[in-house]
Amino acid sequence: MKPWKNLTANDLYKGIVRKLSLEPTKSKRGREPIYWYLLDGKKALRISMPNLHGGSGSITTGYLKQIRMALKLKTREFEELVDCVLKAEGFEAKIRDRLDN
Amino acid sequence: MSKNRGKITSVQQDIEDFEVTSQTEFPHIDFTGEDFVGKHAEGTIQSEISQLTERVETLTNLTGQFYTEINEQPAKWVTQIYDLGDESYILKEPILILIEEYSDDSIIARFPEVEVFGEGVTDSEAISNLKNSILDLYDELTETDSDTLGKLPKMWLRILDRIITKV
Numbered sequence: 001m002k003p004w005k006n007l008t009a010n011d012l013y014k015g016i017v018r019k020l021s022l023e024p025t026k027s028k029r030g031r032e033p034i035y036w037y038l039l040d041g042k043k044a045l046r047i048s049m050p051n052l053h054g055g056s057g058s059i060t061t062g063y064l065k066q067i068r069m070a071l072k073l074k075t076r077e078f079e080e081l082v083d084c085v086l087k088a089e090g091f092e093a094k095i096r097d098r099l100d101n
Numbered sequence: 001m002s003k004n005r006g007k008i009t010s011v012q013q014d015i016e017d018f019e020v021t022s023q024t025e026f027p028h029i030d031f032t033g034e035d036f037v038g039k040h041a042e043g044t045i046q047s048e049i050s051q052l053t054e055r056v057e058t059l060t061n062l063t064g065q066f067y068t069e070i071n072e073q074p075a076k077w078v079t080q081i082y083d084l085g086d087e088s089y090i091l092k093e094p095i096l097i098l099i100e101e102y103s104d105d106s107i108i109a110r111f112p113e114v115e116v117f118g119e120g121v122t123d124s125e126a127i128s129n130l131k132n133s134i135l136d137l138y139d140e141l142t143e144t145d146s147d148t149l150g151k152l153p154k155m156w157l158r159i160l161d162r163i164i165t166k167v
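Going line by line, the protein sequences match chains A and B. Start counting the first sequence at 1; every next residue gets the next number (our numbering). Start counting the second sequence at 1; every next residue gets the next number (our numbering).
Hints may be right or wrong, so weigh each one.
[As the list claims (entries may be wrong)] Pairs of lysine to aspartate or glutamate residues, derived as DMTMM-like cross-links and limited to a Cα-Cα distance of at most 25 angstroms, are as follows:
(1) Lys26/A / Glu101/B
(2) Lys151/B / Asp83/A
(3) Lys26/A / Asp161/B
(4) Lys28/A / Glu54/B
[Stated by the list, open to error] Sample of chain A residues at the chain B side, in silico, Cβ under 7 angstroms:
(5) Ser27
(6) Lys28
(7) Ala44
(8) Thr61
(9) Lys87
(10) Phe91
(11) Arg96
[Said to hold, decoys possible] Have a look at the derived ranges for each label pair, beta carbon to beta carbon:
(12) Asp83/B / Arg96/A: 34 to 40 angstroms
(13) Asp100/A / Thr63/B: 35 to 41 angstroms
(14) Met69/A / Arg55/B: 33 to 39 angstroms
(15) Arg96/A / Arg158/B: 36 to 42 angstroms
(16) Asp83/B / Cys84/A: 27 to 33 angstroms
(17) Leu38/A / Leu62/B: 29 to 35 angstroms
(18) Ala75/B / Asp83/A: 55 to 61 angstroms
(19) Ala88/A / Asp147/B: 55 to 61 angstroms
(20) Thr60/B / Ser21/A: 38 to 44 angstroms
(21) Asp83/B / Ser21/A: 33 to 39 angstroms
(22) Met69/A / Gln65/B: 38 to 44 angstroms
(23) Ala93/A / Thr63/B: 34 to 40 angstroms
(24) Ser124/B / Arg96/A: 50 to 56 angstroms
I should point out that these hints are in silico values taken from the structure, not numbers from a laboratory. All residues carry an ideal CB built from backbone N, CA and C; glycine is no exception.
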């Protein structure tokens with residue numbers, strides 16, 4: 001499993017945006033794209049992602065931490081999500097549980 | 001700081017456990033004794049060396065993990081902002097924001113209650129980006145049909161409505 005500190009923008013788009021079918025939204029002022037995670041058709045989580053222009057470059061520790069927190073995941077779970085161990089269904093179950101409590 | 005202290009205590013406890021286990025599980029071997037070779041066949045010695053090596057590796061890993069965790073903890077401080085950097089919006093009251101400086105020189109400014117942040121190489125750049133993020137979130141939430149918002153975004157909107165006025 002790739003340590004979370006070495007994750008790139010490409011890893012995040014593959015392991016998060018595509019896998020969780022995140023819905024893009026428009027950011028008027030910010031440079032980074034913003035996405036929503038929908039639950040039961042409603043906007044549940046809002047995730048700011050790094051620009052894909054960053055491509056294979058590493059993302060800063062602070063930025064990764066903000067993405068992880070926006071997804072309501074612990075470090076290990078975040079690594080599993082990006083690494084495809086945690087599937088979309090498993091993520092949804094965790095989010096339902098965490099948003100209810 | 002208390003979070004750091006908890007992690008430090010946890011790693012210290014691991015190291016102490018290691019020391020206690022090492023002392024209790026490995027009997028003293030008198031390598032100079034005359035009957036040493038007789039009592040400890042070569043295989044046994046190899047096995048003990050291998051176990052000791054494994055334990056030293058564990059300790060090395062724990063120390064490395066401890067070092068990494070300490071390094072990854074950002075320096076944090078709280079500051080206030082009085083303005084959102086756009087004349088079309090008034091901040092009704094100053095808000096407290098959190099600044100985090102990481103060891104890779106990135107700085108994050110965030111407003112945890114509504115889960116927005118800004119990043120920069122300086123704190124002023126991070127704060128400026130945070131202000132943009134707050135306004136982006138406010139605009140988006142106020143322009144969205146509330147029936148399509150989940151529990152969290154609805155809460156964010158209530159908070160932002162209390163502190164921001166659009167003129």
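Against the structure, the hints come out as follows:
1. The straight-line distance between the Cα atoms of Lys26/A and Glu101/B is roughly 28 angstroms, outside the 25 angstroms bound, and the hint therefore fails.
2. Proximity of Lys151/B to Asp83/A is assessed by CA-CA distance (about 29 angstroms); at most 25 angstroms being required, the pair is judged violated.
3. For the proposed pair Lys26/A and Asp161/B, the alpha carbon gap of about 20 angstroms is at most 25 angstroms, so the pair holds.
4. Pair hint Lys28/A plus Glu54/B does not hold up; C-alpha atoms about 55 angstroms apart against a cutoff of 25 angstroms.
5. Against a cut-off of 7 angstroms between C-beta atoms, the interface hint on Ser27/A holds, since the closest Cβ of chain B lies about 5 angstroms away.
6. The interface hint given for Lys28/A is met, as the beta carbon of that residue sits about 6 angstroms from the closest beta carbon of chain B, less than 7 angstroms.
7. Here the hint on Ala44/A is kept, as its CB sits about 4 angstroms from the closest CB of chain B, short of 7 angstroms.
8. Annotation: interface hint on Thr61/A holds; nearest CB of chain B at approximately 5 angstroms, less than 7 angstroms.
9. The criterion of a C-beta within 7 angstroms of any C-beta in chain B is not met by Lys87/A, whose closest approach is roughly 21 angstroms, and the hint is violated.
10. At its closest, the beta carbon of Phe91/A sits 15 angstroms from a beta carbon of chain B; the interface hint therefore is violated under the 7 angstroms criterion.
11. Residue-level restraint check for Arg96/A is violated (minimum Cβ-Cβ distance to chain B is 11 angstroms; threshold 7 angstroms).
12. The supplied range of 34 to 40 angstroms is met by Asp83/B and Arg96/A, whose beta-carbon atoms lie about 39 angstroms from each other.
13. Taken as a hint, the range 35 to 41 angstroms holds for the pair Asp100/A and Thr63/B, whose Cβ atoms sit roughly 40 angstroms apart.
14. Judged by the Cβ atoms, the range 33 to 39 angstroms given for Met69/A and Arg55/B holds: they are separated by roughly 36 angstroms.
15. Between Arg96/A and Arg158/B the CB atoms are about 22 angstroms apart, so this pair departs from the stated range of 36 to 42 angstroms.
16. Taking the beta carbon of each, Asp83/B and Cys84/A are about 44 angstroms apart, not inside 27 to 33 angstroms as hinted.
17. Checked against the given bound of 29 to 35 angstroms, the beta carbons of Leu38/A and Leu62/B, roughly 42 angstroms apart, lie outside it.
18. For the hinted restraint 55 to 61 angstroms between Ala75/B and Asp83/A, the CB-CB distance of approximately 30 angstroms leaves it violated.
19. As the Cβ distance of Ala88/A to Asp147/B is approximately 24 angstroms, the hint placing it in 55 to 61 angstroms is violated.
20. A C-beta distance of roughly 43 angstroms is found between Thr60/B and Ser21/A, which places it inside the suggested range of 38 to 44 angstroms.
21. For the pair Asp83/B and Ser21/A, the supplied restraint of 33 to 39 angstroms holds, since their beta-carbon distance comes to about 38 angstroms.
22. Taken as a hint, the range 38 to 44 angstroms is violated for the pair Met69/A and Gln65/B, whose Cβ atoms sit roughly 21 angstroms apart.
23. A C-beta distance of roughly 37 angstroms is found between Ala93/A and Thr63/B, which places it inside the suggested range of 34 to 40 angstroms.
24. For the pair Ser124/B and Arg96/A, the supplied restraint of 50 to 56 angstroms is violated, since their beta-carbon distance comes to about 40 angstroms.
When held up to the earlier numbered hints, the structure conflicts with 1, 2, 4, 9, 10, 11, 15, 16, 17, 18, 19, 22 and 24 and fits the remainder.
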